[in-house]
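2 protein chains.
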Amino acid sequence: MPHKTVIIGGGAAGLGSAGGVKAADPDAEVVVYTEFEDVAYSPCGIPYVHGQEIPDFERLFLATKEQYVQVGIDVHYETSVTGIDTAARTVQVTGEGTVGYDTLIVATGFEYADPGVPGGDLEGLYYVKNIRAAMEWDKVLDSVKRAVVVHATPLGVEMTTSLAHRGIETHLIDPNPWPLADMADADIMAPVEESWRELGVVAHFNTTLKGFVGQGHVSAVATSDGELPCDLVVVATHKTPNARLAAAAGLKIGSTGGIVVDERMATSVPGVFAAGDAVEVPHGLTRVPLQGLTGSHAYAQGKTAGVNAGGGTRAYKAVYVPWGTPAGKWVIGGASFGETTATALGIPYVLGQAQGISRARYYPGVKPVKVKLLAEPGSLRLIGAQMVGQEGIKERADFLAMAVKHGFTFHDLSTMENVYSPAIGALNEPIVVAATNGLDELRKAGKL
Amino acid sequence: MPHKTVIIGGGAAGLGSAGGVKAADPDAEVVVYTEFEDVAYSPCGIPYVHGQEIPDFERLFLATKEQYVQVGIDVHYETSVTGIDTAARTVQVTGEGTVGYDTLIVATGFEYADPGVPGGDLEGLYYVKNIRAAMEWDKVLDSVKRAVVVHATPLGVEMTTSLAHRGIETHLIDPNPWPLADMADADIMAPVEESWRELGVVAHFNTTLKGFVGQGHVSAVATSDGELPCDLVVVATHKTPNARLAAAAGLKIGSTGGIVVDERMATSVPGVFAAGDAVEVPHGLTRVPLQGLTGSHAYAQGKTAGVNAGGGTRAYKAVYVPWGTPAGKWVIGGASFGETTATALGIPYVLGQAQGISRARYYPGVKPVKVKLLAEPGSLRLIGAQMVGQEGIKERADFLAMAVKHGFTFHDLSTMENVYSPAIGALNEPIVVAATNGLDELRKAGKL
Chain A
1 MPHKTVIIGG
11 GAAGLGSAGG
21 VKAADPDAEV
31 VVYTEFEDVA
41 YSPCGIPYVH
51 GQEIPDFERL
61 FLATKEQYVQ
71 VGIDVHYETS
81 VTGIDTAART
91 VQVTGEGTVG
101 YDTLIVATGF
111 EYADPGVPGG
121 DLEGLYYVKN
131 IRAAMEWDKV
141 LDSVKRAVVV
151 HATPLGVEMT
161 TSLAHRGIET
171 HLIDPNPWPL
181 ADMADADIMA
191 PVEESWRELG
201 VVAHFNTTLK
211 GFVGQGHVSA
221 VATSDGELPC
231 DLVVVATHKT
241 PNARLAAAAG
251 LKIGSTGGIV
261 VDERMATSVP
271 GVFAAGDAVE
281 VPHGLTRVPL
291 QGLTGSHAYA
301 QGKTAGVNAG
311 GGTRAYKAVY
321 VPWGTPAGKW
331 VIGGASFGET
341 TATALGIPYV
351 LGQAQGISRA
361 RYYPGVKPVK
371 VKLLAEPGSL
381 RLIGAQMVGQ
391 EGIKERADFL
401 AMAVKHGFTF
411 HDLSTMENVY
421 SPAIGALNEP
431 IVVAATNGLD
441 ELRKAGKL
Chain B
1 MPHKTVIIGG
11 GAAGLGSAGG
21 VKAADPDAEV
31 VVYTEFEDVA
41 YSPCGIPYVH
51 GQEIPDFERL
61 FLATKEQYVQ
71 VGIDVHYETS
81 VTGIDTAART
91 VQVTGEGTVG
101 YDTLIVATGF
111 EYADPGVPGG
121 DLEGLYYVKN
131 IRAAMEWDKV
141 LDSVKRAVVV
151 HATPLGVEMT
161 TSLAHRGIET
171 HLIDPNPWPL
181 ADMADADIMA
191 PVEESWRELG
201 VVAHFNTTLK
211 GFVGQGHVSA
221 VATSDGELPC
231 DLVVVATHKT
241 PNARLAAAAG
251 LKIGSTGGIV
261 VDERMATSVP
271 GVFAAGDAVE
281 VPHGLTRVPL
291 QGLTGSHAYA
301 QGKTAGVNAG
311 GGTRAYKAVY
321 VPWGTPAGKW
331 VIGGASFGET
341 TATALGIPYV
351 LGQAQGISRA
361 RYYPGVKPVK
371 VKLLAEPGSL
381 RLIGAQMVGQ
391 EGIKERADFL
401 AMAVKHGFTF
411 HDLSTMENVY
421 SPAIGALNEP
431 IVVAATNGLD
441 ELRKAGKL
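Residue numbers (full-length UniProt numbering), protein chains in the order written: chain A, 1 to 448; chain B, 1 to 448.
Worth flagging that the hints you see were computed from the coordinates, not collected in a lab. A quick note: this is a predicted structure, and the numbers were derived from the prediction, not measured. Be careful, since some hints might not be right.
[Unchecked claim] DEER-style ranges, computed between Cβ atoms:
| no. | chain 1 | residue 1 | chain 2 | residue 2 | range |
| --- | --- | --- | --- | --- | --- |
| 1 | B | Lys444 | A | Pro270 | 24 to 34 Å |
| 2 | A | Asp38 | B | Thr286 | 51 to 61 Å |
| 3 | B | Gly407 | A | Asp85 | 46 to 56 Å |
| 4 | A | Asp56 | B | Ser195 | 25 to 35 Å |
| 5 | B | Gly407 | A | Ala190 | 34 to 44 Å |
| 6 | A | Asp85 | B | Lys444 | 37 to 47 Å |
| 7 | B | Tyr77 | A | Val288 | 57 to 67 Å |
| 8 | A | Ala23 | B | Ser195 | 35 to 45 Å |
| 9 | A | Ala190 | B | Gln67 | 29 to 39 Å |
| 10 | B | Gly95 | A | Lys444 | 37 to 47 Å |
| 11 | B | Pro55 | A | Thr343 | 40 to 50 Å |
| 12 | B | Asp38 | A | Glu58 | 48 to 58 Å |
| 13 | A | Lys367 | B | Gln67 | 18 to 28 Å |
| 14 | A | Ala190 | B | Tyr77 | 37 to 47 Å |
The beta carbon of each residue, even a glycine, is placed where N, CA and C say it ideally should be.
Okay, chain A solo, but in the shape it has when bound (with noise of 0.2 Å):
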């Protein structure tokens, strides 16, 4: 009898997974459970399609049914798990009933927050998620004339640009007060809120959301700063894990509300793993948990779990989570933290900054590019770094990432050497210059 995994969730972790089982044994028989009528498609690229940068939804998947088939992969489409038992290793599968495992992947995903107001069932209400949901609010879109996105999440912030983008009118709420607030630095979205704003956005920061207003449909958005009348509104709430099943199921979950695993992706019990936005993993350096990272995350978590599961070893480290996206006019990234969540949770910096450029001065569509380092005091080892720009910031982002991880310090970053050539990169490199003026400040300050 080959060795059977069972896994639940069709997502970047449930595929990554199928694909690590069969790398580790190909003889395993693989079986994916989700409740979609696809897989394999991009859900990231869902606000592009409306925001028309992409043309069409059909790009986004990635492989066809048949190619699983023939990898032997057998995906149930349209199938929901109701419950694990894993005394007895199986699954209670709907129209299926009850199905046996030798291992059992958990890669279930995240749902939006619950916004926790009155008017939650009205029509009009978008959650993102599905690309066939897509593919019909992309219709309707083209009748929205005015919409409100509710918080500057990643999601929100995304949507933010995109509904701009095809011309609707689009307020934005949220509670803090800039966008990314958890994640991103107020300096650092400054020039995103700027470009919001050229291109017709109503941002509303410092703005609770009280309820959904409407006769059957959502006709406006009430806050705690009046009502915002709109044709649609898109709930970006915050990702929580979907750990329903696994907690019936007594999985130890953490304290992010995601399902705690070990470093081969192994859950607290025996013969179960999981990965992707049901889980939580922890940060490199500060050992918090993070959960709700992304698709190359989960995508990565995936495929270690499945190589363990199927009987290989392959360890998922902790993660320095590189970061990157375009918002407004500008794209913003980073790695490790920034300075909000270095304060947040009371850790020490220094600062490196500058404002650099993409390309040589005189080039052609050079870009600024800034660049702030934080580093712990004394050591000068980088712990975290954000910036704003256009080119390049997802390749620094991932460097710096490393760079974290590895423990760069400003003097390495300082004296690192970089490419010159006009058209593509500056004399010198906005991560050099920002350590450099870091060590500058330090020695002015006769800390050095």
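For this one, chain A is given, so just place chain B on it according to the hints.
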């Protein structure tokens, strides 16, 4: 009496030096001698003005003459230094006579290697260097129908692309089997050659220069493969250190012809420093001396020389050489060395390669990113990298040079986190895929 530093040369190294001296000792007297009418412009931008990517030469100037006066840097323009007496601590200056110094910085730059063939005195041979000359040559280009670029050096590659963009029928000759053969591998250059063909460039590889032909003005280039008629020749032979003055003064000269310096950029003679294209510095892994690096290297070396000449302390470390440049419709780049150099030096390596992408597969504007990583067998520490693509090559090259310097392995790179956001980065970073493929190959071969 303030300490007096004399600097020979007004390029990136010379002016970097001047700034370094002033940073270490604001009261120092700093005199810069340059043979040219200008300092503080970017010669690296010249090919792009010729190619009409940059609209005019004026924007290549970085600072005004007045700005140097204001910061106390005394630049003597169109002034030659003809001799150095290190015992007396004086230099001979045309029109000024004998001038004393406390410390001297030699930043005399590069010369193009003498092509060493008949016809070198004909008109119509363009050596790209000085901006005033470039302005005159740019007018000439308006009436050039057919040009030959001699040698596929970095400048030769840039000028080939620029002349083609300008609409000139451009021929390139080089004795090697592919362009940039000293630094880039054939597989990295193949897409560049293809895109040159699309631009109408005719490349003649394995072809030796025999002479320049003409009556007064060049009318053809004689090669091992016959004569190529032309109106203009761009002589882009390799750069050699201009170390004549230094050699005559008894400074130690290294195997590349560059001035030998230590980490302080001090030469073999007390009180004399050197920086930029006139010196050689060791490669971080091989310790092989390198010369003819970039303006960014020259500037950083100059800064180091200046700080030390001014009484401060600063070290310039061995180089890991991140590099990058547009070539045809692509951007090529890398760090340390590629397969060709490794093979030539007898350095063993294993490969990790990937054909990745710069954004989500479905996002408009997505471009291929080919990554080739070389690692030391056994330890799997990165020893070199080469890439061809468009977006993010420069930032990846900067990172990979640091990865070589800090000894990152294929394991480190294959498990690194990456930003995933459809418009700016793919689910899987090409560097990660390359390292992972390298490990997979080794595993298949039973070597891991």
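Quick check: does the Cβ-Cβ distance between glycine 407(B) and alanine 190(A) fall within 34 to 44 Å? Distance hint for glycine 407(B), alanine 190(A) holds at roughly 39 Å.
Assessment of proposed distance window 37 to 47 Å (beta carbons of aspartate 85(A), lysine 444(B)): holds, 39 Å
Consistency of beta-carbon spacing, lysine 444(A) to glycine 95(B), with hint 37 to 47 Å: About 41 Å separates the Cβ atoms of glycine 95(B) and lysine 444(A), which means 37 to 47 Å holds.
Look at the Cβ atoms of proline 55(B) and threonine 343(A) and judge whether their distance stays inside 40 to 50 Å. Given range 40 to 50 Å: holds, Cβ gap about 46 Å.
If you check the beta carbons of aspartate 56(A) and serine 195(B), does the distance land in 25 to 35 Å? holds, 29 Å
18 to 28 Å was suggested as the range; check whether the CB atoms of lysine 367(A) and glutamine 67(B) agree with it. Because 25 Å falls inside the window, the suggested range holds.
Using the beta carbons of aspartate 38(B) and glutamate 58(A), state whether their distance is inside 48 to 58 Å or not. holds, 56 Å
Consistency of beta-carbon spacing, valine 288(A) to tyrosine 77(B), with hint 57 to 67 Å: holds, 59 Å
Between glycine 407(B) and aspartate 85(A), does the C-beta distance stay in 46 to 56 Å? Cβ of glycine 407(B) to Cβ of aspartate 85(A): about 48 Å, so the range 46 to 56 Å holds.
Confirm or reject the claim that alanine 190(A) and tyrosine 77(B) have a C-beta distance inside 37 to 47 Å. holds, 43 Å
Could you check the hint for me, namely that alanine 23(A) and serine 195(B) are 35 to 45 Å apart, CB to CB? holds, 36 Å
Honestly, do alanine 190(A) and glutamine 67(B) meet the 29 to 39 Å range at C-beta? Given about 30 Å between the Cβ atoms, the range holds.
When held up to the earlier numbered hints, the structure conflicts with none and fits them all.
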